[in-house]
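Chemist: Take a look at the letters that make up each chain.
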Amino acid sequence: MNVVVLIPAHNEAATIGSIVGAVKRHLACEVVVVDDASTDRTAEIARSAGATVLSLSCNLGAWGATQAGIRYALKAGYKQVLTMDADGQHLPEAFPSLLVALASGEADVVIGACTQRGSHARQLAWIYFRKLTGLRIEDLTSGFRAYNEAAMAVLASPEATLLDYQDVGVLLLLRHARLRIKEVPVPMRERDHGSSRVFPSWLIVGKYMLQTSILCLAKVGMNGKRQRAYSDD
Amino acid sequence: MIDYQWTSTFIGVLIAGLILFLVRRDHLHGPYAVWWLFVAATVVVLGAFPELFDKVAPFFGVAYPPILAVVLGMGLLLLKVLTMDLERSRQERKLRRLVQRLAVLEASLEKVQPIQHAQGEGEEEVSSRRLE
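These protein sequences, in sequence, are chains A and B.
Quick note on numbering: the first sequence equals residues 167 to 399 in the numbering used here.
Quick note on numbering: the second sequence equals residues 7 to 138 in the numbering used here.
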């Protein structure tokens, strides 16, 4: 099976070991933990749990870490990647449903969606961004996704490097590349430790809402024909 | 009291001198020096011939000529700050991709040459499994 599981992790020493173990039990594939400049033992624990560890020398955020993993996967010749969070929200049991949807060829990106989770504020934010972008996706922020090779190539590009969050910006980029995105409902658990990286405090939520809104407004009407302005690296 | 023209010409020459000094001491990267020398040259020229503004200002409908100088100056400053942010974004992209690339290279290097991490048992087994 030509698939790799990517887990971006920042100070997730408490959960990373069991998550890597669980993934390995469910899927006989390489597990890559992208250690986003953690200050705890995340990398060490992931490594001893049998994961390949990519260590970022400075903090790039969840999306920067995911992109590093995708670039690794492309270089290693993988045709599909699965991404999941390191906090225990996502269940490896749901991998098959994502992979089946991807293998059927009906979508280039499959999002494991769980719309029941999250506060009213988060639900409101989703509705707002759906209206703003016209994206018909229920769970915009889910980090539980499967990408095929075409999607990996788009997401590994320099154009995706300055994105700060793995949600609206990434989805818009995929849409501009005319890739098909599909959602599959999956169960999710409450996080075991720590708090959400996207919604930790109101100030950060405000910054996120503003930044993402600007991104949405700036990308209005952009289709897939835009020329690539940068060369790789 | 010296003439106002001398003051502005002096300021222009001073700025130009400072720029050259900074380039000479390797504190200022070449392309930036070009912009600053252009600024210095403009200050020298306009300082020496302030009547240039008196001639140009009415053409743009500006009643009080020195205001044209202020507006132009502020506009150029805004432009400069914007290009600085563009450059910063470009560098940020480059930095992020370099950090990612370094991590990918380190991981592939580790596969070829398993590094002993200071955690004792189990590691060798893990490393050799990754080699397979």
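Please keep in mind that the hints were generated in silico from the structure rather than gathered at the bench.
Nothing here was measured: the structure is a model prediction, and the numbers come from that model.
Any given hint might turn out to be false.
Claimed, not checked - Pairs of lysine-lysine, DSS-like flavour, derived with a Cα cap of 27 Å:
| # | chain 1 | residue 1 | chain 2 | residue 2 |
| --- | --- | --- | --- | --- |
| 1 | A | K373 | B | K61 |
| 2 | A | K241 | A | K297 |
| 3 | A | K241 | B | K117 |
| 4 | A | K245 | B | K61 |
To be verified - Just some of the chain B residues that point at chain A, by a computed CB distance under 7 Å:
| # | residue |
| --- | --- |
| 5 | L24 |
| 6 | R99 |
| 7 | R102 |
| 8 | R103 |
| 9 | Q106 |
| 10 | L111 |
Said to hold, decoys possible - From the derived model, a few chain A residues whose C-beta atoms are all more than 10 Å from chain B:
| # | residue |
| --- | --- |
| 11 | H192 |
| 12 | V266 |
| 13 | E304 |
For each residue, glycine too, the CB sits at the ideal point set by N, CA and C.
Chemist: Are there hints from earlier that the structure breaks, and if so, what are their numbers?
Modeler: Going through the list in order, the structure violates hints 1, 2, 4, 5 and 10 and respects the others.
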